[in-house]
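Enquirer: For reference, the chains in residue letters:
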Amino acid sequence: MPRGWDALSYALSQALRAVRGNWIASVATITTMTLSLTILAGFSLVSLNLNQVLAALQSELEVTAYLSERADRSRLLDTVRGWPEVVRAEFIGKDRALAELVADLPSLSVAAGLVDNPLPDTLRMRLADPAQTSVVRVRLEQLPGVDGVEDGSDAVNTFLAVSEALRVVGVILIVVLLSSALFAIVNSIRAAITAREDEIEVQRLVGATRNFIRAPFLIEGFLLGLMSATVTLGLVIPGYQLVIARLTPQLPFVPFVRDAALLGQVAGLLGLLAVLVGLVGSAISVSQHLRERN
Amino acid sequence: MIEFKHVTKTYARTHTHALRNVDFAIGKGEFVYITGHSGAGKSTLLALVLRRTVPTEGVVSIAGQDLSRLRDGQLPLLRRRIGMVFQDHRLLPKLSAADNLTFALRATGAHGQLEQKALNALRLVGLAHKRKAFPIELSLGEQQRVAIARALVTNPPLLLCDEPTGNLDPDTSWEILELLNDVNIKGTTVVIATHSRDLVDAMKHRTLVLRNGELVRDDDRGGYSL
Ligand SMILES: Nc1ncnc2c1ncn2[C@@H]1O[C@H](COP(=O)(O)OP(=O)(O)OP(=O)(O)O)[C@@H](O)[C@H]1O
Ligand SMILES: [Mg+2]
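Here the protein sequences come in this chain order: A and B.
Residues 1 to 294 (this note's numbering) are what the first sequence spells out, left to right.
Residues 1 to 226 (this note's numbering) are what the second sequence spells out, left to right.
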């Protein structure tokens, strides 16, 4: 066997011995980390689904122009159809608009028979990219015969505000949760270093290199991260499946994220994060408590 | 091999002058006692050789290398060439005699046949049959011999012993001294710090005498006198 491998497997066995030997502390650390990671995972999944809803909402977004009595419908239709942003445009006469409204809200049918049709003629457009809504709106408002424009962006804006707020909360959550996970690791490794102080001293005096002394602790942090990731994913993956299975009948219009590749990415990222926290935490501990004292 | 040039060591925190202007050289293959009263500076002198500390003034060098200028990465290499037996032997209580040796071997980057090397070193100090014993299951003299075996297991060219016969009866002390003498005959440079008059008188070798941190005598054919 090559030498490097020999040293690594020795460091690994030392790390495993430490994890097992102080298993109560290890379990406590893994629990803390799992808790943080699970909340983080839950939050990521909620955000992911919210984004998906937002995308769906935006893709269904229509721009409606209200036309005046004297408007030249066919010229207007030709004009907007000539715009590159517009995917589809259709003219809806006021009679059809009323019929649609009554179909949506049957209680209005009586009233509709009593008064003159109050609805204007409209042009409905679907845009290629919802982000161009405001540009198109400004241009529409300048056309002769257009009395007003509605673009449904209020709903989207509300949604955007919610998702922005969620992002801020998310950043705070990430910082808080990752710090708590990090501190758990730092503490755990510090305890491990303290427990092995005599051994470390002997190693130093007989001429162990810095890396030789550090390796078991870094590996221990890595292992704790890995185990936390495993437990977290073991909880979150079935948990998520259960939740969307329960919610789908109640919220049939919500397009829940089911894309295995995307969810796999989230899981991979979470695992990577856990391992990274383990490594960084142990590196911090090691640099704090393993200074060469000579 | 070891050279002290005008070495002064002051412990700032306690304002202790542990060594004052100490000047000597020890050649390859020598057997040297460092003697002096308790607190005279013997352990400090050994700590400087092992570079657990650096001199306040002057230069300590080994094989021509100024230890104050040693880079951190070179320190392990220096220490691998030095076997050290500590005043408080520092065996790890949770490891058996043999495991204490393999533990040290691994730390020095040794590889292959570690158990065999450990057993050989234990055989050298006459304790092969106690290889599975934990330190607490060994007598003081046996613990001291395991500590010597640990210092020798890496085959270092230089062996430093701090009070290797402290607390031991004269017969056991003599055995250990003979052991160290054998090691020396095979080519290892041996430096022993001791305040034991009997030890120094039992086997005559070059003797450096420290008094309150000053080197007051350097006698080629030793004997104890302060
Ligand atoms: N780390 C330290 N910090 C401060 N003072 C120290 C330190 N180590 C030793 N001293 C002081 O330096 C002086 C020399 O100590 P040293 O341990 O070298 O003596 P010694 O000759 O080995 O004594 P002994 O025979 O009792 O082991 C003593 O006065 C001691 O108090
Ligand atoms: Mg001493």
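Keep in mind the hints are simulated off the structure, nothing from the lab.
These figures come from a predicted structure and were not determined experimentally.
One or more of the hints may lead you astray.
Said to hold, decoys possible - In silico lysine to aspartate or glutamate, DMTMM-like type, Cα no more than 25 Å apart, as pairs:
1. B:Lys5 <-> A:Glu201
2. B:Lys94 <-> A:Glu199
3. B:Lys94 <-> A:Glu201
4. B:Lys132 <-> A:Glu199
5. B:Lys132 <-> A:Asp6
6. B:Lys130 <-> A:Glu199
7. B:Lys204 <-> B:Asp220
8. B:Lys204 <-> B:Glu175
9. B:Lys132 <-> A:Glu201
10. A:Lys94 <-> A:Asp78
11. B:Lys117 <-> A:Asp78
12. B:Lys117 <-> A:Glu201
13. B:Lys94 <-> B:Asp171
14. B:Lys132 <-> A:Asp198
15. B:Lys94 <-> A:Asp78
16. B:Lys204 <-> B:Asp171
17. B:Lys130 <-> B:Asp88
Enquirer: Does each hint hold? Answer for all of them.
Expert: Consistency of the hints with the structure:
1. B:Lys5 <-> A:Glu201: 28 Å, violated
2. B:Lys94 <-> A:Glu199: 10 Å, holds
3. B:Lys94 <-> A:Glu201: 15 Å, holds
4. B:Lys132 <-> A:Glu199: At roughly 19 Å apart (the allowed maximum being 25 Å), Glu199 of chain A and Lys132 of chain B satisfy the hint.
5. B:Lys132 <-> A:Asp6: Given pair Lys132 of chain B, Asp6 of chain A holds - Cα atoms ~24 Å apart, limit 25 Å.
6. B:Lys130 <-> A:Glu199: 21 Å, holds
7. B:Lys204 <-> B:Asp220: Roughly 9 Å between the alpha carbons, so the hint for Lys204 of chain B and Asp220 of chain B holds.
8. B:Lys204 <-> B:Glu175: 15 Å, holds
9. B:Lys132 <-> A:Glu201: 23 Å, holds
10. A:Lys94 <-> A:Asp78: With a Cα-Cα distance of about 19 Å, the restraint between Lys94 of chain A and Asp78 of chain A holds, given a limit of 25 Å.
11. B:Lys117 <-> A:Asp78: Answer violated: Lys117 of chain B to Asp78 of chain A is near 94 Å, above 25 Å.
12. B:Lys117 <-> A:Glu201: It holds: about 22 Å lies between the C-alpha atoms, which stays within 25 Å.
13. B:Lys94 <-> B:Asp171: The hint is violated at about 29 Å.
14. B:Lys132 <-> A:Asp198: 20 Å, holds
15. B:Lys94 <-> A:Asp78: 90 Å, violated
16. B:Lys204 <-> B:Asp171: 17 Å, holds
17. B:Lys130 <-> B:Asp88: 20 Å, holds
In terms of the numbered hints stated before, the structure departs from hints 1, 11, 13, 15, listed from lowest to highest.
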